[in-house]
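K.L.:
The residues making up each chain are set out below.
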Amino acid sequence: MCLGVPGKVIEVRDSVAVVDFWGVRKEVRLDIVDENVVPGDYILNHVGFAIRRIPPESIAETLALYEMLLAQEGDDLMSLDVRSEIEASS
Amino acid sequence: MSELQFRDPKLARSMAATLDRLVRETGRKIAVMHVCGSHEQAIAKYGLRSLFPKSLEVIMGPGCPVCVTDVPEVDESVLIAAQGARIATFGDMLKVPGSVKSLADAQASGAKIDIVYSPQQAVEIARSTKEEVVLFATGFETTAVATAAVILDNPPPNFSVLSVHKYIPPVMEIIAEMPESRIEGFLAAGHAATITGSAVFEPFVERHKIPVVIAGFEPNDIMAGLVELVELIRAKTPHVVNMFPRCVTLEGNLAAQKQLWRVFRPMGGRWRGIAHVPNGNLRLRDEFAHLDARKRFPIDLTSLWDYAPPALAGQCICGDIMAGIRNPNDCRLFNRECVPENPVGACMVSNEGTCKIWHLYGGVPDLEASA
Amino acid sequence: MTAILLPFTGGRVTLKQGGGGRAMRALIERLFVRDFATMPFDGVGVDAMDDGAAIRIGDDWLVITTDSHVIHPIVFPGGDIGRLSISGTVNDLAMMGATRVLGLTCSIILEEGFSLDSLEAIQRSMIATCREANAPVVTGDTKVMGRGEIDGLVINTCGIGLTRTLVRDNGLHTGDRIIVTGNIAEHGLAVMAARHGIEFEGDLVSDVAPMNGMIDSILSDAALADAVTAMKDPTRGGVASALHEMASKSNVGIVLQERSLPMTDAVRSVGELLGIDPLHVANEGKALLGVRADAVDQILARLHEHPLGRNATVIGTCGEERRGAIILDTGFGRRLLAEPEGEPLPRIC
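Protein chains in written order, with this note's numbering: chain A, 1170 to 1259; chain B, 107 to 477; chain C, 5 to 353.
Just chain A, same shape as in the assembly (with noise of 0.2 Å):
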């Protein structure tokens, strides 16, 4: 259940930020949020309200437990096919 979308936060007034969700910018509240906001941080939206800032190095973290997930499989020919294509890519 609950729908959740991540945003960036462009500006903050009072207890609402306007969040921009990739081409569409909508007022969020930031009762429940239990960090201080910023502009340029990324939120976590549900039902119009932030229920997390989402910290930049978190993602690495979570593309980093990825990454451990495909180093127990170095045997397997394929994951390694496809990291190398990752590497490739980015």
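Treat the hints as calculated values from the structure; they're not laboratory data. Be aware that a few hints might be false.
Said to hold, decoys possible - Quick look at which bits of chain A chain B covers, simulated, 3 or more residues with Cβ under 8 Å:
#1 1191-1203
#2 1217-1229
#3 1232-1239
As the list claims (entries may be wrong) - Simulated pairs of lysine-lysine, DSS-like, Cα-Cα distance not exceeding 30 Å:
#4 A:Lys1177 - B:Lys160
#5 A:Lys1177 - B:Lys315
#6 B:Lys364 - B:Lys160
#7 B:Lys160 - B:Lys135
#8 B:Lys135 - B:Lys116
#9 B:Lys135 - B:Lys342
#10 B:Lys116 - A:Lys1177
#11 B:Lys135 - B:Lys151
#12 B:Lys342 - B:Lys160
#13 B:Lys342 - B:Lys364
#14 B:Lys151 - C:Lys253
#15 B:Lys218 - C:Lys253
#16 B:Lys401 - B:Lys342
#17 B:Lys401 - B:Lys218
#18 B:Lys364 - B:Lys401
None of these values were measured; they are calculated from a predicted model. From the three backbone atoms N, C-alpha and C, an ideal C-beta is built for every residue, glycine too.
Since the structure of chain A is provided, determine the placement of chains B and C on it from the hints.
P.N.:
Relative to the frame of chain A, chains B and C by itself:
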């Protein structure tokens, strides 16, 4: 953000290969359950099921708060609407059947229903009118915190809340304790856990020795979550693992939890087609009785009974279907009294519910993977 | 105060039955098609459930279509009910090959108290759209009903056109490609956001437009016209509903490449925010064309020359697998695409 990697099919196929190897290493069929409608939506939207190994069964649990909203709860909203109040609710709530009618039926008979995107919008409607506006508030803890926030933000006097919010952790206990349950691991919902934190699952894992992995909603979040879950099952190491660290922390969103428990108290109640779930419902505390629609409007459920068709709900086996014990063909209502246009149980209400899917596709929406 | 009972006797029409998709088709089939279709008639009639009807006149086909327009709000980002009422009917004619409109009728039912200024604005919008489509309104009718008896206004338009090249929605063959003439889901999402008071800033505007000019640029070229095997405009119920109809009437399966679907970032994003699949959302200025594979490049090139067709692209292929169904290839896996039931609404889970 790195949307490309979260949605990279090549990465997904690579994880599927890992998943396949892990399941094969166990040498048996494995059943796991996710308890999140949005996980199912993402699995469906991206066609991930065709990537899952044949020996891995990913069962959709009671993860849709709208679908598990029980018949009498819908009846309450219909009866309040019949008194002339405007009901503000989310789009998915509209066609969920009550004992006699859904809110969509009530609307066809002249009831005033506003579809809102946010609890905040319901408050704005109340501010713009003198009419009574009732937020028919559904959803798990993630949504309940938003309702709590508007309740704590001094809403106008013509605003009230009919809370049918539900709380996920207790229902996992019910599933785990079903005697015939084959579930060996749970994929927990990342957005609900954003509020509650990963630690909320520790006592559960301790008690049942079943691993819980918290996963996000991008296709590769789900694939990664399943890989981790099956690895925990294979290694016989029942732990809580957080695979969604960009949103979920150990203790969760403490500010939100504080607001949630200040406004709501947990109460036992029936979940449609599943069971009585102790502490599974969230009701307003007495401090907020002045905003409680149940206190503001007289609600006489017996007044509907003269009109009610024979109670079919008693014959519904949604609970067993969700637990993976039985399938829709075992249900005597399936495709007869219970169809998408007139659903009886939660599994036929939900777009991705097992019964709805069996009805639409004869049980096989997923085809062999593309080359 | 005691609870007032609602009248529960008998079934009632629900909004779902007007939202396109299965529920609406079932209602129409049960109520109208079965009996109306029993009267003798030479041509494409009501039982075909195509975009309009076609009556044979010598070597030509007289195409006729009618549509009642109700929309809330009456003015929405990118258009209004006036532009919609002309475009909708012109497009239905065009989808059957009648790209040159002989005439339109316009019948308006107004609610007592309706603002004359709004009415004039709607009328101006209709005239501007008629000019764009080169489609004259030749007769009309106006009625006023009491306050509360209807909601604002209803506009019915009827259109006729002549064509030698009748195009149906049931002519797809194995190997044909499916072209969509531009970005999908813009009309439905823009109207839904406006209707439910969900405020967005950004590029979310309806695509409502008359497409007969664009379609004419294909059909007026005999070589290209010959390669068009089917057409339909994906209005209510969206691309998913229209493709289901085309596939089932043509008895082919359609493999749809999800990653080829053209849509703006705004549509993708609002779709995710509101939990709505853009494939289920109405378009009012887009067409789906079934095209023989050998002519795809030429037809695409011609569409790209037209302002409404700049983003035209191939989104699928017709085959023998799963006749009557749509297979969605997501790049991750393949899955049957469900037909939408009723109007999609913002959801939370």
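K.L.:
Tell me the hint numbers this structure goes against, listed in increasing order.
P.N.:
4, 5, 6, 13, 15 and 16
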